[in-house]
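Once you've looked at the hints, dock chain B against the given chain A.
Spelled out, the chains give:
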Amino acid sequence: GAVVSQHPSWVICKSGTSVKIECRSLDFQATTMFWYRQFPKQSLMLMATSNEGSKATYEQGVEKDKFLINHASLTLSTLTVTSAHPEDSSFYICSAQGQSFYEQYFGPGTRLTVT
Amino acid sequence: AQKVTQAQTEISVVEKEDVTLDCVYETRDTTYYLFWYKQPPSGELVFLIRRNSFDEQNEISGRYSWNFQKSTSSFNFTITASQVVDSAVYFCALSTNAGKSTFGDGTTLTVKP
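The listed protein sequences derive, respectively, from chains A and B. Using my numbering, read the first sequence as starting at 1 and increasing by one per residue. Using my numbering, read the second sequence as starting at 1 and increasing by one per residue.
Because the hints were derived from the structure by calculation, they are not lab data. Cβ coordinates follow ideal geometry from the N, Cα and C atoms, glycine included.
Restraint ranges, calculated between C-beta atoms of paired labels, are given here:
hint	chain 1	residue 1	chain 2	residue 2	range
1	B	Ile60	A	Pro86	37 to 47 Å
2	B	Glu17	A	Pro86	34 to 44 Å
3	A	Glu52	B	Pro113	43 to 53 Å
4	B	Ile11	A	Trp10	26 to 36 Å
5	B	Ser71	A	Gly1	24 to 34 Å
6	B	Glu26	A	Ser9	27 to 37 Å
7	B	Ala81	A	Pro108	23 to 33 Å
8	B	Ile49	A	Thr17	33 to 43 Å
9	B	Gln69	A	Lys20	37 to 47 Å
Below, a list of computed lysine-lysine pairs in the BS3-like style, where the Cα atoms sit at most 27 Å apart:
hint	chain 1	residue 1	chain 2	residue 2
10	B	Lys38	B	Lys3
11	A	Lys41	B	Lys38
12	B	Lys3	A	Lys41
13	B	Lys3	A	Lys64
Excised from the complex, chain A in its bound form (with noise of 0.2 Å):
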């Protein structure tokens, strides 16, 4: 099956600097992928719509300059947590589109915390 991965996997970073987590498409090519945060016990949240070769598309409420997204390549969108806070620890997990719109895979997560 198709697999994802994200890296890393897990980060600790100080209050004010800023993140970057890679999302990568293993063995397809995924125009478009999805960032999810989520947040203890809580549900998955979507962020932002990443398309290959195109500004990211922002969910309502989402910071589009604290939440860089670059989606350069068909196997590769990053996120960058600019200027993190403790508020911003949260796990974060990205999905990549398949061939279909009904085929999401997602990768492993990332947990980040700021202390």
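Same frame as chain A, but now just chain B:
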């Protein structure tokens, strides 16, 4: 807008009991897909099933079964003869042609030995 409701926040059963997790959805789209995922403590989502809006056939896979009823906008998930390893958070999700998924709040299932 899409919405998925999982009314059961937490369920606790004893091993070998059957358990049903409820899922009710809302969408104006006529073409959509419904999913169930399992999220163990590690956090990684485990895909369990996908069902499209035109296929109301129930499905059984081992101890798992799913009941899809468009008339009530429900897509319920039953685990037969539950096991301790079934303990996890289960999410129901809805996806339309935009590809992005709307998740329910999840149901935490605890199976006690």
